[in-house]
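Protein chains in written order, with our numbering: chain A, 1 to 346; chain B, 1 to 346; chain C, 1 to 346; chain D, 1 to 346.
Just so you know, the hints here were simulated from the structure itself, not pulled from any lab data. Honestly, I wouldn't trust all of these hints.
Identical copies carry no separate label here, and so any pair may be met within one copy or between two of them.
With a straight-line Cα cutoff of 30 Å, these simulated DSSO-like cross-link-like pairs (lysine-lysine) come out [said to hold, decoys possible]: (1) LYS3 with LYS40; (2) LYS228 with LYS40; (3) LYS228 with LYS106; (4) LYS3 with LYS249.
There are 4 protein chains.
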Amino acid sequence: MHKVAIVGASGYTGVELLRILAGHPEVEITGVTSRQHAGKNVADIFPFLQSCLNFTFEDADPRELAQRSDVIFTAVPHLAAMQLVPALLDAGSRVVDLSADFRLRKCEVYEEWYQSEHTATELLQEAVYGLPELFRDQIASARLIANPGCYPTSAALALAPLLEASQIDQQTIIIDSKSGVSGAGRTVRVDTLYCEVSEGFKAYGLPRHRHTPEIEQTLSSLAESTIKISFTPHLLPVSRGILSTCYAKLIRDIDLSGLLQLYREYYAEDVFVRVLPEGRLPDVNQVRGSNYCNIGLSLDPRTGRVIVLAALDNLVKGAAGQAVQNMNLLLGLNEGMGLLMPPVFP
Amino acid sequence: MHKVAIVGASGYTGVELLRILAGHPEVEITGVTSRQHAGKNVADIFPFLQSCLNFTFEDADPRELAQRSDVIFTAVPHLAAMQLVPALLDAGSRVVDLSADFRLRKCEVYEEWYQSEHTATELLQEAVYGLPELFRDQIASARLIANPGCYPTSAALALAPLLEASQIDQQTIIIDSKSGVSGAGRTVRVDTLYCEVSEGFKAYGLPRHRHTPEIEQTLSSLAESTIKISFTPHLLPVSRGILSTCYAKLIRDIDLSGLLQLYREYYAEDVFVRVLPEGRLPDVNQVRGSNYCNIGLSLDPRTGRVIVLAALDNLVKGAAGQAVQNMNLLLGLNEGMGLLMPPVFP
Amino acid sequence: MHKVAIVGASGYTGVELLRILAGHPEVEITGVTSRQHAGKNVADIFPFLQSCLNFTFEDADPRELAQRSDVIFTAVPHLAAMQLVPALLDAGSRVVDLSADFRLRKCEVYEEWYQSEHTATELLQEAVYGLPELFRDQIASARLIANPGCYPTSAALALAPLLEASQIDQQTIIIDSKSGVSGAGRTVRVDTLYCEVSEGFKAYGLPRHRHTPEIEQTLSSLAESTIKISFTPHLLPVSRGILSTCYAKLIRDIDLSGLLQLYREYYAEDVFVRVLPEGRLPDVNQVRGSNYCNIGLSLDPRTGRVIVLAALDNLVKGAAGQAVQNMNLLLGLNEGMGLLMPPVFP
Amino acid sequence: MHKVAIVGASGYTGVELLRILAGHPEVEITGVTSRQHAGKNVADIFPFLQSCLNFTFEDADPRELAQRSDVIFTAVPHLAAMQLVPALLDAGSRVVDLSADFRLRKCEVYEEWYQSEHTATELLQEAVYGLPELFRDQIASARLIANPGCYPTSAALALAPLLEASQIDQQTIIIDSKSGVSGAGRTVRVDTLYCEVSEGFKAYGLPRHRHTPEIEQTLSSLAESTIKISFTPHLLPVSRGILSTCYAKLIRDIDLSGLLQLYREYYAEDVFVRVLPEGRLPDVNQVRGSNYCNIGLSLDPRTGRVIVLAALDNLVKGAAGQAVQNMNLLLGLNEGMGLLMPPVFP
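One chain only, chain A, in its complex shape (with noise of 0.2 Å):
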């Protein structure tokens, strides 16, 4: 059994991850921490793994955590982050970071989006973007993942063939994205209590969301060349579960079955990437509670424009999830090993 800890569980991303690693055959859990909880049982905070699982959360000193698993998950909030990690790597632990401290990989744009100095910027260089299905190889050998933004697994899954084949205008990006509430986390808010968000819809962030520079990092990266997009996020009235729906002009002569085809081709190997027959659009509900990404794709021939959408739950593939895949390449473990659950519908 390979030994994990995760360092801040008490929020929803920290949970959703302690919710996959019970059912993971090969892991045993070693410590969970929460500075807020420390002292308490699991269940008395998430009373919903009662009996799944048995922990107390801890405040436990990041160096001897280290020395007792082999992968740490950090789920911390940005700045917090570039503060452990270092510790975590030193000790000899290999890491799985959720928060964006290390998605970007120059200093200055990771500065100038999140408005804060960066304190570990030796790291940005040896940080690999986990993101499976586009970098596995560079994944299954590093110490440090960057464990990808929601919204931006969701766009570069949605736009990573056609860009690879060169069939779009990539001056002509735009991703409107919706997002469940469980992204904006477990801490309290006006704009998130239940009378503010249901039966309502709005678009937020705009025009400056920091998950636009992730996005156009790894489209520019797919592309090489450097890519700017227009990228509107809006929460929507769902605790979980994200569509993008992403529009760009057709450089090419293709037709929907052509496009369908290169996609199929493209995501052949990838067990978590669900492509649609032809006619059939992705939804949020397909997808909840898995760690699929359900891809649909439209074309309209007066416009010139393809429409990729793409559906996955932010709290698996857009977060921990994609985490435990992350997770089983560092361990050298078949990608999918306790994340094959079917999504829970309705």
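Since the structure of chain A is already known, use the hints to place chains B, C and D on it.
Same frame as chain A, now just chains B, C and D:
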């Protein structure tokens, strides 16, 4: 008191007309028809109206109904409307038709998108498109109002100021819209069952939703040139509300405050369009139950795109409320009469 | 025009007062206070009211506010109300208090259930419990109205006819209530975050929710004997609405149609109580946004129990609407003035 | 691998069986039938299962299906089940029937409550009521399991310890239950449309819901005397989940901690019943997607009543999960095999 009747009052749009007209100080309802529910009291089918209204659904002869009505609202499906409306007009009533049958000016466009023959083509030129903020002058004297679709209302109000001021590249317009479930009506379908919609979100009707030519007709008329758009409707897990997120490339040098000023001036006389202050974006829960359309803007200098967001209640400003606004104009009443109730929040 | 002010208008109840009063034809709002939001425009905090109302939140001196108001609504937390109300009365205003501070007639009951000292006990006898359907005569001439709690309103209206007609065994009353989330207010708490409430349902506050003695006081007063009840509140995943399911053993021989007749007669003059016909049961979505309370009955001859179900909108008939109904009575206006809007469905 | 088949897999219960069985390590699905969808792939009807399962719905002959199956789940409506099950048993398969047809031991009770003739009465005595926590011993050797209803499972688990320990007055039992919409199935009906349910809440089926005699049969069997209850089902705006709030008068002197101890001992061997610690009450969102039933207690010394609250997922412990639990017992497997997935929260 002016006399009004509703034909086809058993769907969500029809009953919303009843709700609004129940509070209108200068009209009297003289007939409410429903083939399906004929002989039953309105409150038997819609218990929320018990003691608010006391009507029996009729299956009245159109000609006879027209004789006791100054204005008739037809809230029947497309194809049914084109059968009915000529007789109502002949009998001397004025008509606000909430179906799609008289919205498109060109018969061939209707027949292409609705895949049906149009049997009342002589009325297509006469019908006035009932979007008061854009075509107020033509409405007052019309015999037949084609009440706009819900999506087209949001898109047209969002983009009109930009098009009339020639601020955007007309080839770059993308309208990403999200609608609540009541837009799909009260007819039973698996797709609109609670369990299929709740905690779900998807696009549908791609790439040829029937509101596309209606939007294009209005935008083209404003721009005085032929415009083709990409239009993507999505199904939101809310009962009421549409948010349209509209993208276009700016072609002139203007900043956000200039754009907002343009919108405020354009809609200065329009009580139902609320241009939001800089930094605030519309939410469908801020217009629920009301006839308001909230408009917010964002501008991204990185990409040169403007993003206009418009929110309305699809059953009010997107259907029944706008129909009453048109009726007020037809009858020479104050445009906002009976329609100034604030939204219901939360 | 009568002059009214609202103290503490920044919660859901306060802003619902604003929504309702905005449409009231015979009152003028002369002040809106909020310590938290003082200096901000109402629409900055509640954008849904943009262009409906134009007020700046004040942090006014109570005495000064009272001088410019005929009636003041106090929508502040309990304990704060008892500090404030004496000064408002002294300054000559009449007060409708929406807190719990003046609802319980006996100081010792208040202190037991609220675990706090009552500092305005001299007003407990003077305050009139503002449930117009039961205590209309005392309201008109009162200086201080204790506006009832949302649960107690539903329970009292559900059971009053049975108790006054001595139809039930008073020892067998069980009230199983379910409330929407807005009842918990707009203060941030983990429990009322969207992700905690959506797709959830639970009881809370057992076995000693503070509305218990308030319900018992009203029922005891109607029955002219001391009644103890079981009261179980639950949290519903809806924004607005309470349904109370009330059980009691019948002690007389009466059938369902006899019971319904009793209810119809009891509430014959009460425009806001809608007794549903046999076979129809209340749904909270049939009263949303309105001041109606819908009541339905069932009788089970197998067990000898009657079940009375009462539905209302907790923010309207359960709070702000009832407060305006009380205000109308205080001011000698028609009881339903400004309150007859139909529910918003769907 | 044991061979299992599902007859009638096109409703929510049938497809939930597929979801659960997809992850079961020791069974192989040998047939999936649906008259409605025969010839279509499971993923065409339920896209969430794409790549999880690859089956074509058949319209198989029952006898032939039985020959390739050790256990058959029948997830067809009542009346259809009694036509089908005898042939399956004759052909040598064992059957877990999810309909109501074999739950009531007495033919006359069935015929009274279901208003239909029972045509397989010879099986009523043989069928074993499949509530493992209460009747585990009889299940292993049965040929025919009558899988309990969702409400009856919650009520029986809530009240069994009290009844067996003779702690309550059997004449005072009231069960106030609330169920999610999936309990109403996937058949189209106006009542279960999103717009009718969302932001709504109502009781239904009063006073004679068909689960009443099923609950009474189980409780009477536990108490060894005839029990009549009041049972009130309500429709919750959630997809999954039942909460039953059960009331009874205590007849012995026991405190809350004594009661909780009684429950912990009663369910000490039952992995799927989670007795919550004092002060914690069950929420349906804490069991979603899992086979757990959470039980919490409250005791009100003022009234002498105990309140027991039981929450479960109506599609899992209330239907498909319990069916698999029964199957495990029939096949001699560990009772929890394939069923220990934690709930999905949020």
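Comparing the hints with the structure gives:
1. LYS3 with LYS40: within (22 Å within a copy, 44 Å between copies)
2. LYS228 with LYS40: Cα proximity of LYS228 and LYS40: none, with 46 Å in one copy and 38 Å across.
3. LYS228 with LYS106: Close inside one copy (16 Å), not across copies (40 Å); limit 30 Å.
4. LYS3 with LYS249: neither (47 Å within a copy, 51 Å between copies)
Of the numbered hints listed earlier, those contradicted by the structure are 2 and 4.
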